[in-house]
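The hints should help you fit chain B onto chain A, whose structure is shown.
What follows is the residue order along each chain.
There are 2 protein chains.
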Amino acid sequence: MTHYFSSDFKLGILGGGQLGKMLLYDTRKFDIQTYVMDANPEAPSRLACNHFETGSLMDYDKVMAFGKKVDLLTFEIESVNVKALEDLEALGKNVYPSAATLQKIQNKAVQKRFYKSNQIPTADFEVFSNLKNLKTAVSEGKISFPFVWKSSTGGYDGKGVSLIKSERDLSQLPDAECIAEELVDFKTEIAVIVARSVSGEIKTYPVVEMEFHPEANQVEYVLCPARIENSLAEKARALAHLVSSKFEHVGLLAVEMFVTPSDEVLVNEVAPRPHNSGHFSIEGSFTNQFEQHLRAILDLPLGSTESKTNSVMVNLVGDENHTGDVVYKGIENIMAMPGVTPHIYGKRETRPFRKMGHVNIIHSDLSEARTMAETVKSKIKVISKTS
Amino acid sequence: MTHYFSSDFKLGILGGGQLGKMLLYDTRKFDIQTYVMDANPEAPSRLACNHFETGSLMDYDKVMAFGKKVDLLTFEIESVNVKALEDLEALGKNVYPSAATLQKIQNKAVQKRFYKSNQIPTADFEVFSNLKNLKTAVSEGKISFPFVWKSSTGGYDGKGVSLIKSERDLSQLPDAECIAEELVDFKTEIAVIVARSVSGEIKTYPVVEMEFHPEANQVEYVLCPARIENSLAEKARALAHLVSSKFEHVGLLAVEMFVTPSDEVLVNEVAPRPHNSGHFSIEGSFTNQFEQHLRAILDLPLGSTESKTNSVMVNLVGDENHTGDVVYKGIENIMAMPGVTPHIYGKRETRPFRKMGHVNIIHSDLSEARTMAETVKSKIKVISKTS
Numbered sequence: 001m002t003h004y005f006s007s008d009f010k011l012g013i014l015g016g017g018q019l020g021k022m023l024l025y026d027t028r029k030f031d032i033q034t035y036v037m038d039a040n041p042e043a044p045s046r047l048a049c050n051h052f053e054t055g056s057l058m059d060y061d062k063v064m065a066f067g068k069k070v071d072l073l074t075f076e077i078e079s080v081n082v083k084a085l086e087d088l089e090a091l092g093k094n095v096y097p098s099a100a101t102l103q104k105i106q107n108k109a110v111q112k113r114f115y116k117s118n119q120i121p122t123a124d125f126e127v128f129s130n131l132k133n134l135k136t137a138v139s140e141g142k143i144s145f146p147f148v149w150k151s152s153t154g155g156y157d158g159k160g161v162s163l164i165k166s167e168r169d170l171s172q173l174p175d176a177e178c179i180a181e182e183l184v185d186f187k188t189e190i191a192v193i194v195a196r197s198v199s200g201e202i203k204t205y206p207v208v209e210m211e212f213h214p215e216a217n218q219v220e221y222v223l224c225p226a227r228i229e230n231s232l233a234e235k236a237r238a239l240a241h242l243v244s245s246k247f248e249h250v251g252l253l254a255v256e257m258f259v260t261p262s263d264e265v266l267v268n269e270v271a272p273r274p275h276n277s278g279h280f281s282i283e284g285s286f287t288n289q290f291e292q293h294l295r296a297i298l299d300l301p302l303g304s305t306e307s308k309t310n311s312v313m314v315n316l317v318g319d320e321n322h323t324g325d326v327v328y329k330g331i332e333n334i335m336a337m338p339g340v341t342p343h344i345y346g347k348r349e350t351r352p353f354r355k356m357g358h359v360n361i362i363h364s365d366l367s368e369a370r371t372m373a374e375t376v377k378s379k380i381k382v383i384s385k386t387s
Numbered sequence: 001m002t003h004y005f006s007s008d009f010k011l012g013i014l015g016g017g018q019l020g021k022m023l024l025y026d027t028r029k030f031d032i033q034t035y036v037m038d039a040n041p042e043a044p045s046r047l048a049c050n051h052f053e054t055g056s057l058m059d060y061d062k063v064m065a066f067g068k069k070v071d072l073l074t075f076e077i078e079s080v081n082v083k084a085l086e087d088l089e090a091l092g093k094n095v096y097p098s099a100a101t102l103q104k105i106q107n108k109a110v111q112k113r114f115y116k117s118n119q120i121p122t123a124d125f126e127v128f129s130n131l132k133n134l135k136t137a138v139s140e141g142k143i144s145f146p147f148v149w150k151s152s153t154g155g156y157d158g159k160g161v162s163l164i165k166s167e168r169d170l171s172q173l174p175d176a177e178c179i180a181e182e183l184v185d186f187k188t189e190i191a192v193i194v195a196r197s198v199s200g201e202i203k204t205y206p207v208v209e210m211e212f213h214p215e216a217n218q219v220e221y222v223l224c225p226a227r228i229e230n231s232l233a234e235k236a237r238a239l240a241h242l243v244s245s246k247f248e249h250v251g252l253l254a255v256e257m258f259v260t261p262s263d264e265v266l267v268n269e270v271a272p273r274p275h276n277s278g279h280f281s282i283e284g285s286f287t288n289q290f291e292q293h294l295r296a297i298l299d300l301p302l303g304s305t306e307s308k309t310n311s312v313m314v315n316l317v318g319d320e321n322h323t324g325d326v327v328y329k330g331i332e333n334i335m336a337m338p339g340v341t342p343h344i345y346g347k348r349e350t351r352p353f354r355k356m357g358h359v360n361i362i363h364s365d366l367s368e369a370r371t372m373a374e375t376v377k378s379k380i381k382v383i384s385k386t387s
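For the protein sequence lines, the chains are A and B, in the order given.
FYI, full-length UniProt numbering numbers position 268 of the first sequence as 268, with every residue one higher than the one before it.
FYI, full-length UniProt numbering numbers position 32 of the second sequence as 32, with every residue one higher than the one before it.
So here's chain A without its partners, still in its complex pose:
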């Protein structure tokens, strides 16, 4: 087998954001050589890799040139030039997740059709090649308010998604390929991180529960485990396992799901990489999601996905009234709370609702951890230095 540890083997990572930064903790732990490329020369992953270079991940030539330098290529963000990944595969490079997997996921219309053709339960939808066609369908009564609009490409963190309740909402949408999705009545949003190795070994993490910030449409708290019945949790893990095997992805797959009032579980969307809903695992799990991603793509045995203890993750986002050099006001107050660990992503500048870090809270009692999460939220403010 290949020797990855303190060897000449080179892992390439496309994208140098916080997910890449956290992945590098584990490449350092295993002393695996890493090459990182990101468009931003100040990207969080510029440190702790063996080699960093700047380049757009959508630039075919840049990705090709970068891919040729490494032995295995992975990514921490979906916005990557898929054609380049395909051509690197054709040259015999290992790319995990594969270009084919990414292609099925990158475009939301393709992703939704994939669920449909694989009998994976998901909210009803229709695809429109442009805004005009959508408007026509609405005026003809084929689509009725309210519905959820999603841009086929380019969405993240709640961007590219809108709830459309009226003609007025409709008129403010950009012109792009999109899907109109049934507005699902759900009682809980949950997620399961699945790991699948090159050899096809699959492991699922416990179901987590996501609580959203009402205004920013971003996840505010992630609870592990989700406060749902065991039978429902088992059903969700089985569904995530099914989704994983259908995609035949290699690496991590974060499967976000809705639970309806009648305990139906519907797949919302997936991400083929470490995910915000898996950050709890850094302090909470036997194997954190980043180490698990490495194990999967290097075809090492997958680690245990059991929890050491219960946990709640709080996203640290920039205060809505602040832009500029960041200050984590009150961080010493939350660090005085037992079992509370802040993770700072290393972005110099804060902006309203920008993801700047997260805080993990571990406690044997989940409801206690949830209460602590609110205290954490109230005691720390992500503001700018000058104001």
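None of these hints come from the bench; they were simulated from the model.
One or more hints might be untrue.
Copies of the same chain look alike in the list, so a pair counts if it works inside one copy or between any two.
What the hints assert, rightly or not - SDA-like mimics (lysine to any residue), calculated; alpha carbons at most 20 Å apart, straight line:
no. : residue 1 : residue 2
1   : LYS381    : SER7
2   : LYS10     : ARG46
3   : LYS381    : THR2
4   : LYS235    : VAL127
5   : LYS379    : THR2
6   : LYS385    : GLU320
7   : LYS329    : GLN33
8   : LYS93     : ASP299
9   : LYS116    : GLU89
10  : LYS93     : GLU211
11  : LYS329    : ASP299
Just chain B now, with coordinates in the frame of chain A:
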């Protein structure tokens, strides 16, 4: 208060070995800027810091120049030019642990006298300024075989320590200032990691038990918690707490102790830094020792020292018959065991008994973890590529 997170603040670390490397996981987690100096341009800490430079830690001018570039200076190894640290302090630099603390610990004769003058229980000893004086004392019957010889300076990992049973052993010692120490009859070797912050907040970790490799005189297994009575554990933690407050150190202090057959606890020696006996904390504790060291020297609140679960650490040392480019043979076998995490220090070349990494094993049942530790030991071999 000072803002350390994603700010202009610069932490200087003298020494770039595995302890420095693991400390950098946590400076990255908190996005604290780091400057590292080590004599070896290929030191494990050359990555993941913001700035790396080569230089001998014993070189006064190098340490002075390095210290002036940073806001706060710490070290991951005791072999540092203390005069430079003193002069940096005189210039107003914060050095944690202080030059005064390091001076009391760096020289074992000074360290032992410190215990005596502070009524800290320790094995009886006498100091000799050179080998000739020790030989005279032996020939005059003031010191009798067997006894433990320790060089006052320069010892680590069992080097600079010898059991002297005969004139022949005596004749093979180097000429240096040394101590002759009573050979203590002990049933267990234990250690406690103590953290003490700039403000004087003190926390102790649970007592760990150290099992030594019979030949290499190196720690083979570290068990947390130690398999001793609670009352004895409390006594050891209280003693470690006392030692910490007497030294008035800032940062971590690893206190190694002997337990005698009559349950006396004697201090063997201390190290003012993260320590091998605290590696279990990376996966086992609410706050790992490296994060705790940062909290202490930055005067942040100390984190909880409680364990998430029981753990056993196994040191990975180079096989005695191998020298050359390292291969971790069988590492995939131990990674298939749940709760087993290898930590690879990033040394390219293995040598007999060289510390190359460690493996943490976590399990709710300590005796199960201890059994797994032997399996780990038997399944992985640190060998060289060529042989």
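These are the hints, each one checked on the structure:
1. LYS381 <-> SER7: between (43 Å within a copy, 16 Å between copies)
2. LYS10 <-> ARG46: both (16 Å within a copy, 17 Å between copies)
3. LYS381 <-> THR2: between (46 Å within a copy, 16 Å between copies)
4. LYS235 <-> VAL127: Neither. Shortest intra-copy (28 Å) and inter-copy (70 Å) distances fail the 20 Å Cα cut-off.
5. LYS379 <-> THR2: Answer is between; shortest inter-copy Cα gap is 17 Å, intra-copy 48 Å.
6. LYS385 <-> GLU320: within (14 Å within a copy, 56 Å between copies)
7. LYS329 <-> GLN33: Between. Shortest inter-copy distance 18 Å satisfies the 20 Å Cα cut-off; intra-copy 36 Å does not.
8. LYS93 <-> ASP299: within (15 Å within a copy, 48 Å between copies)
9. LYS116 <-> GLU89: Classified as neither; 28 Å inside a copy, 68 Å across copies.
10. LYS93 <-> GLU211: neither (40 Å within a copy, 46 Å between copies)
11. LYS329 <-> ASP299: Answer is between; shortest inter-copy Cα gap is 16 Å, intra-copy 42 Å.
In summary, the structure is inconsistent with hints 4, 9, 10 from the numbered list given earlier, while agreeing with the others.
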